[in-house]
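Number of protein chains: 2
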Amino acid sequence: MNAEQVLAQPDATGEVGLVVHRDFVCTEPFVFDNGRELDGFTLRYETYGRLNSTRTNAILICHALSGDHHCAGVHSMRDRKPGWWNNLIGPGKPVDTNRFFVVCSNCLGGCQGSTGPSSVNPATGQPFNLDFPLVTIRDMVRAQRRLVDHLGLPELYAVIGGSMGGMQVLQWGIEYPGFARRLLPMATTARQGSQAIAFNEVGRQAIMQDPDWKQGNYLPGEGPRVGLAIARMMAHITYLSDKGMDRKFGRRRREANPGGPPFDIDFEVESYLRYQGQSFINRFDANTYLYFTRALDYFDLADAYGSLEEAVERVDSRVLAVGFTSDWLFPPEQNREIALALLRRWKDASYAEIRLDLGHDSFLVEAPELDRLVRGFLES
Amino acid sequence: MNAEQVLAQPDATGEVGLVVHRDFVCTEPFVFDNGRELDGFTLRYETYGRLNSTRTNAILICHALSGDHHCAGVHSMRDRKPGWWNNLIGPGKPVDTNRFFVVCSNCLGGCQGSTGPSSVNPATGQPFNLDFPLVTIRDMVRAQRRLVDHLGLPELYAVIGGSMGGMQVLQWGIEYPGFARRLLPMATTARQGSQAIAFNEVGRQAIMQDPDWKQGNYLPGEGPRVGLAIARMMAHITYLSDKGMDRKFGRRRREANPGGPPFDIDFEVESYLRYQGQSFINRFDANTYLYFTRALDYFDLADAYGSLEEAVERVDSRVLAVGFTSDWLFPPEQNREIALALLRRWKDASYAEIRLDLGHDSFLVEAPELDRLVRGFLES
Chain A
9 MNAEQVLAQP DATGEVGLVV HRDFVCTEPF VFDNGRELDG FTLRYETYGR
59 LNSTRTNAIL ICHALSGDHH CAGVHSMRDR KPGWWNNLIG PGKPVDTNRF
109 FVVCSNCLGG CQGSTGPSSV NPATGQPFNL DFPLVTIRDM VRAQRRLVDH
159 LGLPELYAVI GGSMGGMQVL QWGIEYPGFA RRLLPMATTA RQGSQAIAFN
209 EVGRQAIMQD PDWKQGNYLP GEGPRVGLAI ARMMAHITYL SDKGMDRKFG
259 RRRREANPGG PPFDIDFEVE SYLRYQGQSF INRFDANTYL YFTRALDYFD
309 LADAYGSLEE AVERVDSRVL AVGFTSDWLF PPEQNREIAL ALLRRWKDAS
359 YAEIRLDLGH DSFLVEAPEL DRLVRGFLES
Chain E
9 MNAEQVLAQP DATGEVGLVV HRDFVCTEPF VFDNGRELDG FTLRYETYGR
59 LNSTRTNAIL ICHALSGDHH CAGVHSMRDR KPGWWNNLIG PGKPVDTNRF
109 FVVCSNCLGG CQGSTGPSSV NPATGQPFNL DFPLVTIRDM VRAQRRLVDH
159 LGLPELYAVI GGSMGGMQVL QWGIEYPGFA RRLLPMATTA RQGSQAIAFN
209 EVGRQAIMQD PDWKQGNYLP GEGPRVGLAI ARMMAHITYL SDKGMDRKFG
259 RRRREANPGG PPFDIDFEVE SYLRYQGQSF INRFDANTYL YFTRALDYFD
309 LADAYGSLEE AVERVDSRVL AVGFTSDWLF PPEQNREIAL ALLRRWKDAS
359 YAEIRLDLGH DSFLVEAPEL DRLVRGFLES
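In order, the protein sequence lines correspond to chains A and E.
To convert, note that position 76 of the first sequence is 84 in my numbering; the numbers rise steadily by one, no gaps.
To convert, note that position 304 of the second sequence is 312 in my numbering; the numbers rise steadily by one, no gaps.
I should point out that these hints are in silico values taken from the structure, not numbers from a laboratory.
Computed from a predicted model, the values in this text were never measured in an experiment.
Warning: the hint list may mix true and false statements.
Pairs count within a copy or across copies, as identical chains cannot be separated in the list.
Said to hold, decoys possible - Quick list of in silico lysine to any residue cross-link-like pairs, SDA-like style, CA-CA up to 25 Å:
| no. | residue 1 | residue 2 |
| --- | --- | --- |
| 1 | Lys256 | Phe271 |
| 2 | Lys355 | Ala131 |
| 3 | Lys89 | Thr64 |
| 4 | Lys251 | Asp311 |
| 5 | Lys355 | Gly100 |
| 6 | Lys251 | Glu361 |
| 7 | Lys222 | Pro270 |
| 8 | Lys355 | His29 |
| 9 | Lys355 | Ile182 |
| 10 | Lys256 | Arg363 |
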């Protein structure tokens, strides 16, 4: 076991505790699905817990569109923002870091340390920007496989992820049959539908029509902040639900602002959305947003393999697909369909539907039913 | 009967035929809900069919956010675009212009000939822009009442409308009890919910953050075309449904464009949305979009009258509320709730739910079940 694998230890509070990221620098050439090649790439990642002596307790976590490698614990005493799945991952939690060695990497094409459009192209000394190769979900998974090999993992105990992360989970099962013993895709789809493509297109248009986008050639630290914020505000609505928003915000007003400009913020929900937009532009790269939404749009297992049944034919893992009743971005049916296709090919698959009214983001919230499901699936 | 009332006559094809609009210029002062006053206003309107001798066969049609006064027939041999509800309104159609005298006006605050933010303020000789008073649904209805009085209509046989038009229908019933004998609100709500406000806010932000918006002071013919197109593209998705879009567009691709710019149109649904955005900016004023979306957001009958039951207490009309199963902008429940509140106050109300998978826009499409429902309600 090397040093990086024991870095993240539970602290006294029962949390993963302070974690630091590591960079995996792959110097082998990497050929993208579209035929383009890079001499190598970097994946930034974090690990939590200890690898066991047989190296068989590793769980890979795959992140969604706006996520990153920081899925559990906190980075430093100054940056106390916990990882995005901290409620699910940690000592004694459903993904129990006392028992499992958990790995999560920023996806290829990302902007949080992994190689992506904002990275410097060694050939030019300038950021790749739109010269970065188009990235697919399968590219992300094949890059993750190199990291997994680098960590010396002969197999994965499980691969877990929601939304775009769930697509990666499915692709792992198809690309490397049997390598992961368990697959746990949530709030996802085997095939991006028309409505989801449409929302992504509006977001991309908001970014690309912003004069500061400059055909993708904005300088580091600059870029289409207005367009990216609008894309994020709109997308954020699709992550919630009508009922959830009515419960959380309803028609509550902020303090009246009679002297203020017309059409300024009035309802709480407007203030919340603007905050979501503004905080996003400080942590996310607009070009990565274009690349990742296209990766989502092009994800269609049935088209790639002839049919969904043929796609899952190679899967040799136990699969639990999880849908959420109020998720209208990747509705329950689309998750159930994954399990049904597997069952039609006599695979070990099941489907669970969780009744939560928080929309697509339900997979990210603390919910006893989801906790029990994940814990049970990992113990099985 | 005056000349304007007989202008639109059925032609040989069974359509309303060529129609021309009229301008009703009201020279009486008008006090808006927010206390601001204008010396008068203009409403542009169309009529179809003939007023009967007792003047009791008039039906008022109320339009939605992006609609206008041109709801049936065609304007000229050169402009063959039929009215937006031409499938429902015409000789022998459910709103039968052989039998009814149909009136439809562009709402106060609009941009298709009625007084709105793009109209010239007589006091300054410049467009009102954001100096136009904030418009409410009730303001729209009270302006329409002046037109109805001008036309010499002692009562209305019915008031019909969907979406924002449905809100006006409800407000007509409350504001002028018994004046309309029948109210037919469709695909609407008595209270704009949090999600609908959120989508409107993103649209407004897209407009207001466009540098060409210029704090609302763009010149006539100019304006935030990019922002307005993005607002429209996004809103258009909310008018459709997941299933409807999958059936209409699925994941169909346009011709491959390998030499084209990256992230250009690839899927049919993207092309459709961009067309919707582009055609909208040529016919709609961005400031009116701000005003109308705010009118929607502020519509809350329960808040305005204490409760929904108290709001509908004054209604003295037969009411049929119609919801559409796939409408997720103003879901069926919100339409059923209107009828239930009326029934709790022993009003003559019913609710019909139509199974169509075209989303919010279902009320605009030709559907035998809706036709029968409207015809039956008007014959009752």
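Provide an ascending list of the numbers of those earlier hints which the structure does not satisfy.
2, 3, 5 and 8
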